[in-house]
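K.L.:
Keeping the supplied structure of chain W fixed, place chain A with the ligands upon it in accordance with the hints.
Letter by letter, the chains look like this.
Protein chains: 2
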Amino acid sequence: MADCDQEQDAQRTVFVFDCRWESDDGRERSARAVRIGDLDFPAFLRAVTQEFSIDSEGTFVLTTTDRKEITAERFAELKDGNTLHLLQSVDQVLPTATKERILFLPHYDTLIKSGMYEYYASEGQKSLPYALAELIDNSLSATASNPDVRTIEIRLLFDESQGKPAVVVLDNGCGMTSKQLNNWAVYRLSKFTRENSTFRSDHADYVRPCPVPRSLNSDISYFGVGGKQAVFFIGQSVRMITKPASSPDVHELVLSKEEFERKEKNKEDIYCGFIRNRQPGDSSHISMEEERFLHGFIREELLKEHFTAVVVTGVQQEHIAFLRSDFYTWTRELAHVYHYYIHGAHGNDRKSTYHDPKMTKINIQVCLMERSKLPRMLNLREVTDDMQTLYINSAVDTFEFRAHVGGDGVVEGTIRYHPFLYDRETYPEDPYVITTMPADDDDECVVVSHEGRGKRPVFECYWNGRLIPYTTISEFEWCAWPKKSCPLPVECFSRISGVLFANDHFQVSTNKLTFMDLELQLKDKETIFTRVVNGQEQRVKIQKEFFQWLKDCHEKWDKQVKFMYFQGTTVRTDV
Amino acid sequence: MADCDQEQDAQRTVFVFDCRWESDDGRERSARAVRIGDLDFPAFLRAVTQEFSIDSEGTFVLTTTDRKEITAERFAELKDGNTLHLLQSVDQVLPTATKERILFLPHYDTLIKSGMYEYYASEGQKSLPYALAELIDNSLSATASNPDVRTIEIRLLFDESQGKPAVVVLDNGCGMTSKQLNNWAVYRLSKFTRENSTFRSDHADYVRPCPVPRSLNSDISYFGVGGKQAVFFIGQSVRMITKPASSPDVHELVLSKEEFERKEKNKEDIYCGFIRNRQPGDSSHISMEEERFLHGFIREELLKEHFTAVVVTGVQQEHIAFLRSDFYTWTRELAHVYHYYIHGAHGNDRKSTYHDPKMTKINIQVCLMERSKLPRMLNLREVTDDMQTLYINSAVDTFEFRAHVGGDGVVEGTIRYHPFLYDRETYPEDPYVITTMPADDDDECVVVSHEGRGKRPVFECYWNGRLIPYTTISEFEWCAWPKKSCPLPVECFSRISGVLFANDHFQVSTNKLTFMDLELQLKDKETIFTRVVNGQEQRVKIQKEFFQWLKDCHEKWDKQVKFMYFQGTTVRTDV
Ligand SMILES: Nc1ncnc2c1ncn2[C@@H]1O[C@H](COP(=O)(O)OP(=O)(O)OP(=O)(O)O)[C@@H](O)[C@H]1O
Ligand SMILES: Nc1ncnc2c1ncn2[C@@H]1O[C@H](COP(=O)(O)OP(=O)(O)OP(=O)(O)O)[C@@H](O)[C@H]1O
Ligand SMILES: [Mg+2]
Ligand SMILES: [Mg+2]
Numbered sequence: 103m104a105d106c107d108q109e110q111d112a113q114r115t116v117f118v119f120d121c122r123w124e125s126d127d128g129r130e131r132s133a134r135a136v137r138i139g140d141l142d143f144p145a146f147l148r149a150v151t152q153e154f155s156i157d158s159e160g161t162f163v164l165t166t167t168d169r170k171e172i173t174a175e176r177f178a179e180l181k182d183g184n185t186l187h188l189l190q191s192v193d194q195v196l197p198t199a200t201k202e203r204i205l206f207l208p209h210y211d212t213l214i215k216s217g218m219y220e221y222y223a224s225e226g227q228k229s230l231p232y233a234l235a236e237l238i239d240n241s242l243s244a245t246a247s248n249p250d251v252r253t254i255e256i257r258l259l260f261d262e263s264q265g266k267p268a269v270v271v272l273d274n275g276c277g278m279t280s281k282q283l284n285n286w287a288v289y290r291l292s293k294f295t296r297e298n299s300t301f302r303s304d305h306a307d308y309v310r311p312c313p314v315p316r317s318l319n320s321d322i323s324y325f326g327v328g329g330k331q332a333v334f335f336i337g338q339s340v341r342m343i344t345k346p347a348s349s350p351d352v353h354e355l356v357l358s359k360e361e362f363e364r365k366e367k368n369k370e371d372i373y374c375g376f377i378r379n380r381q382p383g384d385s386s387h388i389s390m391e392e393e394r395f396l397h398g399f400i401r402e403e404l405l406k407e408h409f410t411a412v413v414v415t416g417v418q419q420e421h422i423a424f425l426r427s428d429f430y431t432w433t434r435e436l437a438h439v440y441h442y443y444i445h446g447a448h449g450n451d452r453k454s455t456y457h458d459p460k461m462t463k464i465n466i467q468v469c470l471m472e473r474s475k476l477p478r479m480l481n482l483r484e485v486t487d488d489m490q491t492l493y494i495n496s497a498v499d500t501f502e503f504r505a506h507v508g509g510d511g512v513v514e515g516t517i518r519y520h521p522f523l524y525d526r527e528t529y530p531e532d533p534y535v536i537t538t539m540p541a542d543d544d545d546e547c548v549v550v551s552h553e554g555r556g557k558r559p560v561f562e563c564y565w566n567g568r569l570i571p572y573t574t575i576s577e578f579e580w581c582a583w584p585k586k587s588c589p590l591p592v593e594c595f596s597r598i599s600g601v602l603f604a605n606d607h608f609q610v611s612t613n614k615l616t617f618m619d620l621e622l623q624l625k626d627k628e629t630i631f632t633r634v635v636n637g638q639e640q641r642v643k644i645q646k647e648f649f650q651w652l653k654d655c656h657e658k659w660d661k662q663v664k665f666m667y668f669q670g671t672t673v674r675t676d677v
Numbered sequence: 103m104a105d106c107d108q109e110q111d112a113q114r115t116v117f118v119f120d121c122r123w124e125s126d127d128g129r130e131r132s133a134r135a136v137r138i139g140d141l142d143f144p145a146f147l148r149a150v151t152q153e154f155s156i157d158s159e160g161t162f163v164l165t166t167t168d169r170k171e172i173t174a175e176r177f178a179e180l181k182d183g184n185t186l187h188l189l190q191s192v193d194q195v196l197p198t199a200t201k202e203r204i205l206f207l208p209h210y211d212t213l214i215k216s217g218m219y220e221y222y223a224s225e226g227q228k229s230l231p232y233a234l235a236e237l238i239d240n241s242l243s244a245t246a247s248n249p250d251v252r253t254i255e256i257r258l259l260f261d262e263s264q265g266k267p268a269v270v271v272l273d274n275g276c277g278m279t280s281k282q283l284n285n286w287a288v289y290r291l292s293k294f295t296r297e298n299s300t301f302r303s304d305h306a307d308y309v310r311p312c313p314v315p316r317s318l319n320s321d322i323s324y325f326g327v328g329g330k331q332a333v334f335f336i337g338q339s340v341r342m343i344t345k346p347a348s349s350p351d352v353h354e355l356v357l358s359k360e361e362f363e364r365k366e367k368n369k370e371d372i373y374c375g376f377i378r379n380r381q382p383g384d385s386s387h388i389s390m391e392e393e394r395f396l397h398g399f400i401r402e403e404l405l406k407e408h409f410t411a412v413v414v415t416g417v418q419q420e421h422i423a424f425l426r427s428d429f430y431t432w433t434r435e436l437a438h439v440y441h442y443y444i445h446g447a448h449g450n451d452r453k454s455t456y457h458d459p460k461m462t463k464i465n466i467q468v469c470l471m472e473r474s475k476l477p478r479m480l481n482l483r484e485v486t487d488d489m490q491t492l493y494i495n496s497a498v499d500t501f502e503f504r505a506h507v508g509g510d511g512v513v514e515g516t517i518r519y520h521p522f523l524y525d526r527e528t529y530p531e532d533p534y535v536i537t538t539m540p541a542d543d544d545d546e547c548v549v550v551s552h553e554g555r556g557k558r559p560v561f562e563c564y565w566n567g568r569l570i571p572y573t574t575i576s577e578f579e580w581c582a583w584p585k586k587s588c589p590l591p592v593e594c595f596s597r598i599s600g601v602l603f604a605n606d607h608f609q610v611s612t613n614k615l616t617f618m619d620l621e622l623q624l625k626d627k628e629t630i631f632t633r634v635v636n637g638q639e640q641r642v643k644i645q646k647e648f649f650q651w652l653k654d655c656h657e658k659w660d661k662q663v664k665f666m667y668f669q670g671t672t673v674r675t676d677v
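Protein chains in written order, with this note's numbering: chain W, 103 to 677; chain A, 103 to 677.
Pulled out of the complex, with its shape left as it was, chain W reads as follows (with noise of 0.2 Å):
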């Protein structure tokens, strides 16, 4: 273990290489280590003479690596490690190569700065939700085998009576060990490449899912970056605080930008940190009246078995205004990102009354705390109005599918119809659409629309049962309108909206906002697609399949009434 804060100078050494000629038998020399801890310049002059044998005529020179002569005044910078040429003069030849070591850790900007780059607007979309999805679906992989119900809370503690705002997110799952709270905190260790125990007698080592509907799995982790990546793109600072039930004692590890920066200016270790192993309930070592929040929270801790809890300080104003502002935006679109883990695998079918006994109950429950506010109270199921909500309760008919692709690739795919009813489609409106309005025109000249879908594509993606928000597929060949000999209208093809569950076959980007190539796999030529009737396959012509279900979705349900022939107005008189 590297040491973590000693101050080593009184061992600093220097590996110095004999440059000045060849060695006898040509091959490479190794450094000599001069130890430099307590000497001045004239000493280490002396030190390195007697340790290569120099006598008194022999002239030399000692230079970095990079050609500096060690003058006094530079000998006194040289750390601890360094290597130096020892030399004829500073332009000399090398006669023989050196090796010289070098440390190339990662500089601690790839843990703070990776979720600013990453998480940034797209489209005029707002990002911060995805941020926060990252930390939800740790939380859905951490309460993936609770019992009873899965908790998931967000609190945005934005009451400055209470101390500094804070985002925190808390779950009643598993909890870590604190060896997997230090897990959490190294970079880009994954689940496919940690180690979960001290010991190897205990190792547990990542098991696939099991192939579930919709691949509803709860295993949205992959890289082994999401959670650090959402705390500092939200702000500067984490503590994690958590439980597993197989310890009483908690957990709890602070990182911080500012510590970080602390660190570097005295030169000390950057990667190193402390956890604090206390009783639940047990906040003494919160000193900090910004922190007094924390005090209530964690007394909490002692009505639980287990839990996690991240709490983010440090919140960007702007972060913070978006949150409290846009509150109906930001919980919509959660709402839609796990509107089948909320719901289930049939979604929120509000006609249908069938629930899934085997599932356990999801909870994603969101509470805004302002001064001199009641709090704003929210659970995620109740959004009716998330894009998914709308489709299925405005669709007429589904048609399932289900497409493979080389390997264990496995995509399912619902499309639904959404008919042209008496004198108007039914195609939900999407009011993310920003619509450009120059700010001068009349109201009169905004020509909407109204061709059901319009422009937009035809599928949503999920994986592992969670949206994958930037990428969307415009359609498929089988399900376009084939531009020439088609017996059905051009309109039915765009009053159709899609759906598609991506298995972990499938790879999406670090952030979590894009597939890889789910469309390019998709379209490929070797990709088989079946039909899906009461969950069975069939293998069948597709785009035959899906033409007859289109045909019979509009001759069942378009209703169109139109009133020709106008003869002009009759008054009645017998009212």
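Be a bit skeptical, because a hint or two may be false.
As the list claims (entries may be wrong) - Straight-line distance between alpha carbons at most 30 Å, and here's what the computed DSS-like set of lysine-lysine pairs gives:
(1) K293/W with K625/A
(2) K586/A with K557/W
(3) K475/A with K181/W
(4) K475/A with K406/A
To be verified - Listed next, the stretches of chain W that the computed footprint assigns to chain A, with coverage defined by at least 3 CB atoms under 8 Å from CB atoms of chain A:
(5) 148-158
(6) 164-178
(7) 349-359
(8) 558-571
(9) 632-640
Unchecked claim - The calculated label-pair distances, taken between Cβ atoms and stated as ranges, are:
(10) Y524/W with D451/A: 27 to 37 Å
(11) D307/W with L476/A: 48 to 58 Å
(12) V635/A with T295/W: 37 to 47 Å
No lab work stands behind these hints: they were computed from the structure.
Glycine included, C-beta positions come from ideal geometry on N, C-alpha and C.
P.N.:
What follows is chain A with the ligands alone, placed relative to chain W:
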């Protein structure tokens, strides 16, 4: 400096906290170090008994901080630096908190996996050219102050009779000192955060470049990740070979996935390696048959004052296949990315003979070597059908403007007019656009839109003079068809193409594939657009000016010939 390779087993020490009861003063206790290197389990227990003065009746248990009891078997697995709790029983409550020292060094996947998830295909584009671009970016920066010609060579050594396949990027730039080469290897150490010298006295802080036309400042580095992401996207191993003018020595560093894996397996320090300092031309360390192509390569060093070579091996098969078979595609794409660096601020205007005398020539030279084939050579300047060349040479007039956003953000812009001539649009086709063409369709049925630009966005976007390929901007309000009361036909608006040149005020994603918020910032209502005429900014109503320009273009350049009033066929009898 942490020790790289020494076995420290003999010095193994664990830290033991006495948690049996509260300390007399109620304060936190510190851990006591217990050497375990040469002890067996009973001896260890005796040592603990002694250290904590436990009398022979005293019962105690030792656990990890995860409350795993230390048994003889587990004792053998304890690692140097582990923290233990001394308890009365395994599930006793902790009377006071303990502070456990942990390490959280980033996993080496930080270095070798990042690229994989960064350069994924987007919209059917192959991303390999953009990984090569990261290396070209570095070479552009390195050659920025070359007084003479700037040469960047991309050599694809695919002649297996010379050794394993390699991708080499070579430049005649400033090279790196061994300290800088060490810095190169540090993930996320950026120009803003690094020290360039061992000595503070030599320290040169980063200086932001002065404004130059179209921000062609050659300062295309930002995050400290580009090179590493690129090489490990392309292959599995990289050899950096470099020589700065200031030193007679060549510095060489090898990083490889295999070596990282070996170190992890042997529990050696991961982020530790060796720089070889040697004479130019000395290839005596290259012993592997597979690398014999390096001998000739290293011999070339004798002709150069300063240079940097990035030699990537372990190149993925699919990349090799793509580089060979799609030579035309990717060289054309690179010519597009660096168009303005190659051709100067005015671009590749083939009608003009003007050349900026102040600009040092930049040669980006590609050379593909395959077994028993002639080498394929191409200077990117020779590419004549990259999109920018096509736009520039099919345009009849340009409209120049500038946008100022809050702070020091400046974007230069150009709009070009591609007229209708006689019987067709002259707007250049984009061969990149993938037209999905159902296989069983007749040719007759393919409707190709001939409305000039079609649905393509107007603007391609450059950052510090270099294309950011996945960000495009459709249009601005002032250059879009206003839908109502427009004196100009809508087709005119589809005859414009455009380029934007953003300076380093704007941020790009770490993979340099997209801007973070260029569009948002430009569409902010505070943003001021000015027209530029003969290099002079004019504060005018930009929309009015643009419409006037477009009208002039339309009237002057669009030539529509219509044969009207068809009156029947006349047979000429006089021929
Ligand atoms: N709420 C939590 N409860 C229990 N363990 C957690 C929790 N959050 C994180 N962890 C642990 O910390 C690890 C690291 O989390 P992090 O989100 O940084 O990466 P990841 O989930 O492994 O991968 P990804 O980059 O895909 O998110 C997780 O794999 C998990 O073991
Ligand atoms: N060809 C080269 N010649 C000289 N120095 C180089 C060369 N390539 C890289 N370097 C040095 O190594 C550093 C790291 O390069 P790398 O591409 O990994 O990151 P960066 O260029 O600093 O940032 P970015 O992530 O934006 O590319 C550069 O800043 C530069 O100092
Ligand atoms: Mg995660
Ligand atoms: Mg770079």
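K.L.:
Does each hint hold? Answer for all of them.
P.N.:
Against the structure, the hints:
Between K293/W and K625/A the alpha-carbon distance is near 42 Å, which puts this suggested pair outside the 30 Å criterion. The suggested pairing of K586/A with K557/W holds, with an alpha-carbon distance near 22 Å, which does not exceed 30 Å. Restraint check for K475/A and K181/W: not satisfied, since their Cα atoms lie roughly 52 Å apart, outside the 30 Å limit. Between the alpha carbons of K475/A and K406/A the distance comes to roughly 28 Å, so the proposed pair stays at or under 30 Å and holds.
For a cut-off of 8 Å, the count of residues in the stretch 148-158 of chain W with a CB near a CB of chain A stands at 0, and the three-residue condition is violated. With 7 residues carrying a beta carbon less than 8 Å from a beta carbon of chain A, the stretch 164-178 of chain W meets the three-residue requirement, and the given coverage holds. With 5 residues bearing a CB less than 8 Å from a CB of chain A, the stretch 349-359 of chain W meets the requirement of three and the coverage assertion stands. Residues of the stretch 558-571 of chain W with a Cβ under 8 Å from some Cβ of chain A number 0, which does not satisfy the need for three, so the listed coverage is violated.
Only residues whose C-beta sits within less than 8 Å of a C-beta in chain A count toward coverage, and the stretch 632-640 of chain W has 0 of them, not enough to reach three; the restraint is violated. The hint said 27 to 37 Å for the Cβ distance between Y524/W and D451/A, and at roughly 59 Å that hint is violated. Separation of D307/W from L476/A is about 52 Å and conforms to the stated range, judged on CB atoms against 48 to 58 Å. Checking the proposed 37 to 47 Å range against V635/A and T295/W shows it is violated: the Cβ atoms sit about 59 Å from each other.
Of the numbered hints stated above, those contradicted by the structure are hints 1, 3, 5, 8, 9, 10 and 12, listed in ascending order.
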